[in-house]
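Each chain, letter by letter, is given below.
6 protein chains.
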Amino acid sequence: MSNERYLRGWEQLMQVDGEGGERVIESLKDIAPDLGKYVVEFAFGDIYARKGLDLKQRQLVTISALTTQGGCEPQLNVHINAALNVGLSSNEIIEAIMHCVPYTGFPRVLNAVFVAKQVFEERTHQQ
Amino acid sequence: MSNERYLRGWEQLMQVDGEGGERVIESLKDIAPDLGKYVVEFAFGDIYARKGLDLKQRQLVTISALTTQGGCEPQLNVHINAALNVGLSSNEIIEAIMHCVPYTGFPRVLNAVFVAKQVFEERTHQQ
Amino acid sequence: MSNERYLRGWEQLMQVDGEGGERVIESLKDIAPDLGKYVVEFAFGDIYARKGLDLKQRQLVTISALTTQGGCEPQLNVHINAALNVGLSSNEIIEAIMHCVPYTGFPRVLNAVFVAKQVFEERTHQQ
Amino acid sequence: MSNERYLRGWEQLMQVDGEGGERVIESLKDIAPDLGKYVVEFAFGDIYARKGLDLKQRQLVTISALTTQGGCEPQLNVHINAALNVGLSSNEIIEAIMHCVPYTGFPRVLNAVFVAKQVFEERTHQQ
Amino acid sequence: MSNERYLRGWEQLMQVDGEGGERVIESLKDIAPDLGKYVVEFAFGDIYARKGLDLKQRQLVTISALTTQGGCEPQLNVHINAALNVGLSSNEIIEAIMHCVPYTGFPRVLNAVFVAKQVFEERTHQQ
Amino acid sequence: MSNERYLRGWEQLMQVDGEGGERVIESLKDIAPDLGKYVVEFAFGDIYARKGLDLKQRQLVTISALTTQGGCEPQLNVHINAALNVGLSSNEIIEAIMHCVPYTGFPRVLNAVFVAKQVFEERTHQQ
Numbered sequence: 006m007s008n009e010r011y012l013r014g015w016e017q018l019m020q021v022d023g024e025g026g027e028r029v030i031e032s033l034k035d036i037a038p039d040l041g042k043y044v045v046e047f048a049f050g051d052i053y054a055r056k057g058l059d060l061k062q063r064q065l066v067t068i069s070a071l072t073t074q075g076g077c078e079p080q081l082n083v084h085i086n087a088a089l090n091v092g093l094s095s096n097e098i099i100e101a102i103m104h105c106v107p108y109t110g111f112p113r114v115l116n117a118v119f120v121a122k123q124v125f126e127e128r129t130h131q132q
Numbered sequence: 006m007s008n009e010r011y012l013r014g015w016e017q018l019m020q021v022d023g024e025g026g027e028r029v030i031e032s033l034k035d036i037a038p039d040l041g042k043y044v045v046e047f048a049f050g051d052i053y054a055r056k057g058l059d060l061k062q063r064q065l066v067t068i069s070a071l072t073t074q075g076g077c078e079p080q081l082n083v084h085i086n087a088a089l090n091v092g093l094s095s096n097e098i099i100e101a102i103m104h105c106v107p108y109t110g111f112p113r114v115l116n117a118v119f120v121a122k123q124v125f126e127e128r129t130h131q132q
Numbered sequence: 006m007s008n009e010r011y012l013r014g015w016e017q018l019m020q021v022d023g024e025g026g027e028r029v030i031e032s033l034k035d036i037a038p039d040l041g042k043y044v045v046e047f048a049f050g051d052i053y054a055r056k057g058l059d060l061k062q063r064q065l066v067t068i069s070a071l072t073t074q075g076g077c078e079p080q081l082n083v084h085i086n087a088a089l090n091v092g093l094s095s096n097e098i099i100e101a102i103m104h105c106v107p108y109t110g111f112p113r114v115l116n117a118v119f120v121a122k123q124v125f126e127e128r129t130h131q132q
Numbered sequence: 006m007s008n009e010r011y012l013r014g015w016e017q018l019m020q021v022d023g024e025g026g027e028r029v030i031e032s033l034k035d036i037a038p039d040l041g042k043y044v045v046e047f048a049f050g051d052i053y054a055r056k057g058l059d060l061k062q063r064q065l066v067t068i069s070a071l072t073t074q075g076g077c078e079p080q081l082n083v084h085i086n087a088a089l090n091v092g093l094s095s096n097e098i099i100e101a102i103m104h105c106v107p108y109t110g111f112p113r114v115l116n117a118v119f120v121a122k123q124v125f126e127e128r129t130h131q132q
Numbered sequence: 006m007s008n009e010r011y012l013r014g015w016e017q018l019m020q021v022d023g024e025g026g027e028r029v030i031e032s033l034k035d036i037a038p039d040l041g042k043y044v045v046e047f048a049f050g051d052i053y054a055r056k057g058l059d060l061k062q063r064q065l066v067t068i069s070a071l072t073t074q075g076g077c078e079p080q081l082n083v084h085i086n087a088a089l090n091v092g093l094s095s096n097e098i099i100e101a102i103m104h105c106v107p108y109t110g111f112p113r114v115l116n117a118v119f120v121a122k123q124v125f126e127e128r129t130h131q132q
Numbered sequence: 006m007s008n009e010r011y012l013r014g015w016e017q018l019m020q021v022d023g024e025g026g027e028r029v030i031e032s033l034k035d036i037a038p039d040l041g042k043y044v045v046e047f048a049f050g051d052i053y054a055r056k057g058l059d060l061k062q063r064q065l066v067t068i069s070a071l072t073t074q075g076g077c078e079p080q081l082n083v084h085i086n087a088a089l090n091v092g093l094s095s096n097e098i099i100e101a102i103m104h105c106v107p108y109t110g111f112p113r114v115l116n117a118v119f120v121a122k123q124v125f126e127e128r129t130h131q132q
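So the sequences go chain by chain: A, B, C, D, E and F.
Here the first sequence stands for residues 6 to 132, numbered as in our numbering.
Here the second sequence stands for residues 6 to 132, numbered as in our numbering.
Here the third sequence stands for residues 6 to 132, numbered as in our numbering.
Here the fourth sequence stands for residues 6 to 132, numbered as in our numbering.
Here the fifth sequence stands for residues 6 to 132, numbered as in our numbering.
Here the sixth sequence stands for residues 6 to 132, numbered as in our numbering.
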């Protein structure tokens with residue numbers, strides 16, 4: 006795909022999600038390629054590329070939404086990596102997840118924190 | 006109540022939620038006063054008072070969590086007011102809610118935006 | 006309807022939900038009568054009539070599930086009345102709702118407590 | 006807006022949601038106009054315009070998703086009207102909502118059925 | 006069990022879920038046999054056996070509800086198989102899941118699509 | 006930590022969750038130690054230590070909330086063990102989970118029952 010929204014979206018995806026996001030789009034190619042197209046064009050080309058909030062603020066929102074949803078651990082893995090990619094510290098990420106406790110309770114927050122623990126360990130071993 | 010966590014929490018509550026939060030605690034006094042105590046002591050005295058994220062960042066998280074939960078329009082009303090109180094602009098609030106679309110879909114985001122619309126109108130009329 | 010499961014269910018419905026439950030079944034008659042039939046036969050005839058837990062324990066489960074779901078305030082109204090009908094005290098009902106805070110957060114618990122407040126006021130005025 | 010995706014989306018929106026959808030987009034103009042743009046371009050221009058499922062099948066999916074989400078009664082109102090617009094009968098709509106009982110329980114199904122009841126009454130009075 | 010609702014339900018279960026559903030009922034026998042009985046009698050004997058929607062339409066509803074709920078991947082596996090059993094194509098199944106994006110966001114849809122991918126691969130290897 | 010709420014909470018945690026809870030707090034020490042502190046102080050020191058409901062009633066509420074939430078299987082594992090610890094029978098636990106079917110549907114109840122099956126098997130092998 007090479008239209009304008011896709012190109013803008015792909016640029017955002019690489020800047021935010023990096024390889025994690027690229028792998029998700031790749032894994033969709035043989036099952037639902039248009040779904041990957043919409044992730045790139047809409048989630049990244051339309052939403053992430055917007056002004057008004059910077060990428061660190063957007064990652065706080067994404068992480069909070071995924072933590073609160075529950076059952077989205079694969080996406081939390083990609084987006085906790087993304088949060089580190091855009092410059093949030095591991096401490097800020099943990100704080101954001103913990104801040105969800107009064108709003109969604111401890112179980113979903115615990116499950117998100119354990120994903121963060123795994124992400125931080127994976128990134129440490131890659132260095 | 007005058008213990009240290011309650012006092013710290015009440016100070017945070019007034020700084021963040023202001024009158025909206027005070028009304029919630031007041032409305033609990035004849036039905037579940039300890040619940041109000043826990044909101045003040047835990048949500049505000051323990052969580053909101055933490056370092057690591059500033060109040061504007063914490064309001065982005067809260068608004069995202071409430072938008073994603075759905076069915077929490079009363080709390081969204083309090084916390085959109087709170088977001089303005091701590092210095093987020095109405096534009097930043099709308100951007101945060103809109104950023105939730107790829108993660109929780111349009112319906113919950115629409116319902117949150119309509120709460121924001123109502124809050125902004127109420128605050129305009131109060132001026 | 007007069008089959009055995011319906012009769013057993015109707016007896017449970019009247020014992021637990023009382024008039025509140027009767028009104029729900031009635032309100033379904035012109036839009037989805039079979040839905041009302043399933044509520045009576047399955048929810049009450051099969052599930053509520055089971056041994057193993059008594060009706061007070063079953064109401065604790067129902068209230069917890071409805072509180073956690075969110076957005077089920079009409080059903081919470083019926084079932085908080087039902088909890089009082091089967092002998093739980095208003096204090097036990099509030100305690101059960103509050104016990105959900107660590108598991109589903111404050112917003113859903115607050116919304117459930119406000120339904121309880123309304124139910125207790127309505128029942129007081131009926132006396 | 007007059008780009009190709011918006012035009013295709015607006016055509017789908019009018020065919021499916023009709024006036025109900027137009028009102029939603031209109032109500033967003035002073036608070037989050039881009040959100041309305043995304044509903045038209047993405048929800049309708051990208052998703053609803055796809056081949057593979059016809060509009061009646063798509064409305065079954067939408068109604069099921071909204072019923073299961075809970076707390077999306079405003080959107081259910083628009084989409085139950087839409088279901089009638091694209092040729093589903095009121096009976097098929099009620100059957101779809103009822104089919105959700107084993108998957109999301111009675112409360113969310115009851116709340117959706119009561120929205121349907123209201124929609125059918127409104128449409129009867131308009132004739 | 007051999008009562009009328011159970012027999013009707015078992016027939017529906019075999020027609021829709023096939024072996025996948027049989028395995029679920031079997032796995033419940035030593036832990037909660039009555040739960041299996043209710044799945045057969047109520048979900049299949051009462052709901053699936055209803056007129057008004059055909060089995061392909063009912064599978065669209067079930068798949069949409071399970072996708073939107075999140076965290077129900079085991080049940081999605083059974084019901085995506087069931088969708089193929091009753092004559093929906095793999096393309097129609099993917100379209101139904103994708104149609105949920107505007108209503109529940111990308112994460113839950115991605116998780117459902119990956120279950121579909123696995124189901125299609127398993128069925129290919131069985132041929 | 007040795008303040009009064011923490012000590013009271015730790016005592017409750019050991020009485021209710023036992024080793025399962027201790028392992029959760031331990032696993033948080035290197036990633037989010039304050040989160041573990043809040044679980045002990047607030048969930049157990051404030052909520053579980055309350056009068057009004059006994060520990061068996063509280064476990065019925067917790068299990069119902071976790072079943073209804075979905076996606077909280079790790080926490081259900083800890084709390085089904087806890088339910089046995091405080092004196093609920095395995096039959097009462099299964100009844101409570103099954104009682105959630107009319108309120109949250111079969112999928113979440115099935116997923117909770119399979120966690121119970123695993124817990125009961127683990128405890129049998131430990132004897």
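In short, the hints are calculated from the structure, not lab data.
Note that the coordinates shown come from a computational prediction; the quantities given were computed from them, not determined experimentally.
Please note: incorrect hints may appear among the correct ones.
Stated by the list, open to error - Straight-line alpha carbon distances no greater than 35 Å define the calculated DSBU-like cross-link-like pairs of lysine-lysine that follow:
# : chain 1 : residue 1 : chain 2 : residue 2
1 : D       : K42       : B       : K122
2 : F       : K42       : F       : K122
3 : E       : K42       : D       : K122
Stated by the list, open to error - According to the in silico footprint, chain D covers these stretches of chain C (three or more CB under 8 Å from chain D):
# : region
4 : 34-48
5 : 77-90
Said to hold, decoys possible - One side of the interface only, derived from the structure: several residues of chain B facing chain D at Cβ under 8 Å:
#  : residue
6  : R10
7  : L12
8  : W15
9  : G25
10 : G76
11 : P79
12 : L89
13 : L115
14 : N116
15 : V118
From the three backbone atoms N, C-alpha and C, an ideal C-beta is built for every residue, glycine too.
| When the least beta-carbon distance from G76(B) to chain D is tested against 8 Å, hint result | Cβ of G76(B) sits 4 Å from chain D, so the hint holds.
| Are the Cα atoms of K42(E) and K122(D) separated by 35 Å or less? | holds, 32 Å
| query | Does P79(B) pass the interface hint, meaning its C-beta sits closer than 8 Å to a C-beta of chain D? | reply | violated, 12 Å
| task | Classify the hint on L12(B) as holds or violated, based on whether any CB of chain D lies nearer than 8 Å to its CB. | result | L12(B) check fails; min Cβ-Cβ to chain D is 35 Å, beyond 8 Å.
| If you take the shortest Cβ to Cβ gap from V118(B) to chain D, is it below 8 Å? | holds, 5 Å
| task | Classify the hint on G25(B) as holds or violated, based on whether any CB of chain D lies nearer than 8 Å to its CB. | result | Nearest chain D Cβ about 20 Å off; hint violated.
| Holds or violated: K42(D) to K122(B), with C-alpha atoms at most 35 Å apart | Holds, because 17 Å separates the two Cα atoms, which is no more than 35 Å.
| task | Between the region 34-48 of chain C and chain D, see if three or more residues pass the 8 Å beta-carbon test, and mark the coverage as holds or violated. | result | holds (count 8)
| task | Assess, step by step, whether the Cα of K42(F) is no farther than 35 Å from the Cα of K122(F), and give holds or violated. | result | OK: K42(F) and K122(F) at ~30 Å, within 35 Å.
| message | Quick check on L115(B) please, does its C-beta sit within 8 Å of some C-beta on chain D? | response | holds, 7 Å
| request: Return the status of the interface hint for W15(B): holds when the least beta-carbon distance to chain D is below 8 Å, violated otherwise. | output: Check failed: Cβ of W15(B) comes no nearer than 31 Å to chain D, outside 8 Å.
| At a threshold of 8 Å, is the proposed contact between L89(B) and chain D supported by beta-carbon distances? | violated, 14 Å
Hint check: violations occur at hints 6, 7, 8, 9, 11 and 12; the rest are consistent with the structure.
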